[in-house]
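Chains as they are written, first to last, in UniProt numbering: chain A, 1 to 212; chain B, 1 to 212; chain C, 1 to 212; chain D, 1 to 212.
Don't read these hints as lab results, they were simulated from the structure.
Positions of the beta carbon are idealized from the N, C-alpha and C atoms, including for glycine.
A portion of the hints provided could be inaccurate.
[To be verified] For lysine-lysine, the following DSBU-like pairs were computed, each having C-alpha atoms within a straight-line distance of at most 35 Å:
id, chain 1, residue 1, chain 2, residue 2
1, D, Lys73, A, Lys190
2, A, Lys70, B, Lys70
3, C, Lys70, C, Lys8
4, D, Lys190, B, Lys190
5, C, Lys73, B, Lys79
6, D, Lys8, C, Lys73
[As the list claims (entries may be wrong)] Just so you have them, the derived chain D footprint on chain C, three or more residues with Cβ under 8 Å:
id, region
7, 75 to 88
8, 154 to 160
[Said to hold, decoys possible] Examples of chain B residues lying across from chain C (beta carbon under 10 Å, computed):
id, residue
9, Gly26
10, Ser28
11, Phe50
12, Ala53
13, Asn64
14, Thr110
15, Ser111
16, Pro115
17, Gly137
4 protein chains.
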Amino acid sequence: MLDTASAKQKLMAFAESIFNRGLTAGASANMSIKTDTGWVITPTNSCFGFLDADRLSVLDQQGNLISGDKPSKEFLLHKAFYDQRPDDTCVLHLHSTYATALSCLPCANTSDAVPSYTPYLTMRLGAIALVPYFAPGDVALADAVYEVAANHPGVIMANHGPIVSGKTVESCVFGMEELEESCKLAFKLKGHQANLLSKDNIADLKAKFANK
Amino acid sequence: MLDTASAKQKLMAFAESIFNRGLTAGASANMSIKTDTGWVITPTNSCFGFLDADRLSVLDQQGNLISGDKPSKEFLLHKAFYDQRPDDTCVLHLHSTYATALSCLPCANTSDAVPSYTPYLTMRLGAIALVPYFAPGDVALADAVYEVAANHPGVIMANHGPIVSGKTVESCVFGMEELEESCKLAFKLKGHQANLLSKDNIADLKAKFANK
Amino acid sequence: MLDTASAKQKLMAFAESIFNRGLTAGASANMSIKTDTGWVITPTNSCFGFLDADRLSVLDQQGNLISGDKPSKEFLLHKAFYDQRPDDTCVLHLHSTYATALSCLPCANTSDAVPSYTPYLTMRLGAIALVPYFAPGDVALADAVYEVAANHPGVIMANHGPIVSGKTVESCVFGMEELEESCKLAFKLKGHQANLLSKDNIADLKAKFANK
Amino acid sequence: MLDTASAKQKLMAFAESIFNRGLTAGASANMSIKTDTGWVITPTNSCFGFLDADRLSVLDQQGNLISGDKPSKEFLLHKAFYDQRPDDTCVLHLHSTYATALSCLPCANTSDAVPSYTPYLTMRLGAIALVPYFAPGDVALADAVYEVAANHPGVIMANHGPIVSGKTVESCVFGMEELEESCKLAFKLKGHQANLLSKDNIADLKAKFANK
Numbered sequence: 001m002l003d004t005a006s007a008k009q010k011l012m013a014f015a016e017s018i019f020n021r022g023l024t025a026g027a028s029a030n031m032s033i034k035t036d037t038g039w040v041i042t043p044t045n046s047c048f049g050f051l052d053a054d055r056l057s058v059l060d061q062q063g064n065l066i067s068g069d070k071p072s073k074e075f076l077l078h079k080a081f082y083d084q085r086p087d088d089t090c091v092l093h094l095h096s097t098y099a100t101a102l103s104c105l106p107c108a109n110t111s112d113a114v115p116s117y118t119p120y121l122t123m124r125l126g127a128i129a130l131v132p133y134f135a136p137g138d139v140a141l142a143d144a145v146y147e148v149a150a151n152h153p154g155v156i157m158a159n160h161g162p163i164v165s166g167k168t169v170e171s172c173v174f175g176m177e178e179l180e181e182s183c184k185l186a187f188k189l190k191g192h193q194a195n196l197l198s199k200d201n202i203a204d205l206k207a208k209f210a211n212k
Numbered sequence: 001m002l003d004t005a006s007a008k009q010k011l012m013a014f015a016e017s018i019f020n021r022g023l024t025a026g027a028s029a030n031m032s033i034k035t036d037t038g039w040v041i042t043p044t045n046s047c048f049g050f051l052d053a054d055r056l057s058v059l060d061q062q063g064n065l066i067s068g069d070k071p072s073k074e075f076l077l078h079k080a081f082y083d084q085r086p087d088d089t090c091v092l093h094l095h096s097t098y099a100t101a102l103s104c105l106p107c108a109n110t111s112d113a114v115p116s117y118t119p120y121l122t123m124r125l126g127a128i129a130l131v132p133y134f135a136p137g138d139v140a141l142a143d144a145v146y147e148v149a150a151n152h153p154g155v156i157m158a159n160h161g162p163i164v165s166g167k168t169v170e171s172c173v174f175g176m177e178e179l180e181e182s183c184k185l186a187f188k189l190k191g192h193q194a195n196l197l198s199k200d201n202i203a204d205l206k207a208k209f210a211n212k
Numbered sequence: 001m002l003d004t005a006s007a008k009q010k011l012m013a014f015a016e017s018i019f020n021r022g023l024t025a026g027a028s029a030n031m032s033i034k035t036d037t038g039w040v041i042t043p044t045n046s047c048f049g050f051l052d053a054d055r056l057s058v059l060d061q062q063g064n065l066i067s068g069d070k071p072s073k074e075f076l077l078h079k080a081f082y083d084q085r086p087d088d089t090c091v092l093h094l095h096s097t098y099a100t101a102l103s104c105l106p107c108a109n110t111s112d113a114v115p116s117y118t119p120y121l122t123m124r125l126g127a128i129a130l131v132p133y134f135a136p137g138d139v140a141l142a143d144a145v146y147e148v149a150a151n152h153p154g155v156i157m158a159n160h161g162p163i164v165s166g167k168t169v170e171s172c173v174f175g176m177e178e179l180e181e182s183c184k185l186a187f188k189l190k191g192h193q194a195n196l197l198s199k200d201n202i203a204d205l206k207a208k209f210a211n212k
Numbered sequence: 001m002l003d004t005a006s007a008k009q010k011l012m013a014f015a016e017s018i019f020n021r022g023l024t025a026g027a028s029a030n031m032s033i034k035t036d037t038g039w040v041i042t043p044t045n046s047c048f049g050f051l052d053a054d055r056l057s058v059l060d061q062q063g064n065l066i067s068g069d070k071p072s073k074e075f076l077l078h079k080a081f082y083d084q085r086p087d088d089t090c091v092l093h094l095h096s097t098y099a100t101a102l103s104c105l106p107c108a109n110t111s112d113a114v115p116s117y118t119p120y121l122t123m124r125l126g127a128i129a130l131v132p133y134f135a136p137g138d139v140a141l142a143d144a145v146y147e148v149a150a151n152h153p154g155v156i157m158a159n160h161g162p163i164v165s166g167k168t169v170e171s172c173v174f175g176m177e178e179l180e181e182s183c184k185l186a187f188k189l190k191g192h193q194a195n196l197l198s199k200d201n202i203a204d205l206k207a208k209f210a211n212k
């Protein structure tokens, strides 16, 4: 478990990288890391490109603000993952273009919402869940995420965007990046009769990489 | 209200970030900040990637040039917002790809020109107005913007690009980034039978976030 | 006219910016600046992201190499512009994605190859010429560019990419960026019944901005 | 042949550039350089944006780990190129968007999988081979790459991504970037009746640039 100072440093480095590579815009993203004394989370209405380590919200284990600015209103969504997945230590929410675009499409299977053209999303996050639209801040949205979080470290919220949980900061961020790439492929390949992985391919991947 | 030095610093930081992330190209953008003594604005034909703080145009409250290079010819458009929205302190104009592309499409409702696939544009800027095409520098364009600016902090100029006004530099920039993202979604989702937010969803958002 | 040291500095700054924003990839671009003693040009097979000022090719007014690495083989194309446009001091060639993509499409009017959805390409470069495909290094390609360069500071070479000439480094680079944006709009708007500027709009722009 | 320290420096510089320009995301890429004492390769599950020179895997000429973290599991794929192409000193594997997207499409000619809209891919890498899908880490995938590597420095692995080998680090990286650009053009031009280079054009390029 990271201490607060290390968590701040890691959050700053990944958030800046995510922002500069165009994975999120304006003040739409938020990220938290579980620490030995609670959490570090990005403040409400903050921008990943202009974070200030001294203003990151530091919370205790009950979620009370200890120092820094007021935390992101979406900490409720993060909490849904931490409650359901006690080994996880990082949650990241973006409005990345392609996962957000996919969140607006009709969905045939809300327990497996993203097509598998390559093995990597299966290997990193498994099947992605899709939860219905609720207005930002509505507790019903946190409830909907809570319902699926135990089985799905990667969730897409309809007409909103993706949220990913991970055991480490790295597995969380790399999982999110793979999710965005998979959604990008889904759009680029629409209408081109592209080859999906077969059910056997997916079963084989799950068998090989389940404990990873 | 910012002083000139702080306004220059903020303008430089946001302009460089906007440029490096590909939200505007060449010398097509301009940005102004209202200060305690007038305005700071990017010079005519300047490039957001290569600004020089000493050459930013400093104007007094009558719009006379006090120091720096000749101001952007599009200050007239900025002035339309400042005159109609006395609490606003920042105006940003870009030729960002997707808002500019959308500005060239036939428009069914010029008082609400951008489809709402997610809640964020409604929350940040409300409905976006579209004004007709006029040649760059034509005072009729500033007049057209003036007509809609009181009700619309976000405006798209046909065959030209977006312009956004905000109470703070941050709300202006983040509003613009949300506008570009919303236009990007509009293009990515064309022809895919995507789910728009319903009128009830939008009314609910306006009720919840109106005073924000 | 810039001296060699200033020209090197400017070339390095713009080339790096162009590369980092994804306007060219690998070793596909080249750029030259006319100086008081000849030219500075990027070396053959060099990459805009990893230029070394000491290795830039310095040429005298006869085109002989004075210092630095062997110059780009495409100096012949640059020379076509300098010979036809004695006031120009900068030429830039990229394989930017959208201008290159457009270079592969059937073309209805090789004297005006890029559609005008916004006024800015007309204002910066006027109508863009398209020349036929020839293999890289073929003198027939330089001849074809020479034929159109007097009337067209912006040229697209079929199945190859864009090349732009300008009176200053800035007008050359900003013209190129506008060309790429215009080609991007052309692709994004295909099939969407977008509104082009009218012939009257274009004539009006030419009248207003001809001497600019 | 580079020594270990120079190879590390070069790998770090190119990997960071590749990452920051969006050519690969998360921890999906790997890169190796042959040195006078073996190889330097990126560690397993490492991210091109956050490499640490001290943790790069240093291997001896038998492939044993000498220092640094555990090497990428995909060293087997790199080895297929080094075994077949004794003059090559660099191998790069990415999940770049467009080459990966193309890897999921039906393929008419697995010995020439990428259409030639411009001359540059032919000049840098020649025809690109496509090998069938196998699960990551399956030795059958390394075998399939080995089969084609003698004739093809550029290979696309179905439902996976591109891998490129080069005599120098630069020729490897620039070849990969050209491959990604060519695949991007293939997608942008789909359905637009774009002009491919003719067989004569390609034969002419091979004749002119074969020994390059």
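A quick look at each hint next to the structure:
| no. | hint | verdict |
| --- | --- | --- |
| 1 | Lys73(D) x Lys190(A) | 31 Å, holds |
| 2 | Lys70(A) x Lys70(B) | 41 Å, violated |
| 3 | Lys70(C) x Lys8(C) | 16 Å, holds |
| 4 | Lys190(D) x Lys190(B) | 17 Å, holds |
| 5 | Lys73(C) x Lys79(B) | 50 Å, violated |
| 6 | Lys8(D) x Lys73(C) | 31 Å, holds |
| 7 | 75 to 88 | violated (count 0) |
| 8 | 154 to 160 | holds (count 3) |
| 9 | Gly26 | 3 Å, holds |
| 10 | Ser28 | 6 Å, holds |
| 11 | Phe50 | 7 Å, holds |
| 12 | Ala53 | 17 Å, violated |
| 13 | Asn64 | 24 Å, violated |
| 14 | Thr110 | 13 Å, violated |
| 15 | Ser111 | 19 Å, violated |
| 16 | Pro115 | 14 Å, violated |
| 17 | Gly137 | 7 Å, holds |
In the structure shown, a violation is registered for the earlier hints numbered 2, 5, 7, 12, 13, 14, 15 and 16, in ascending order.
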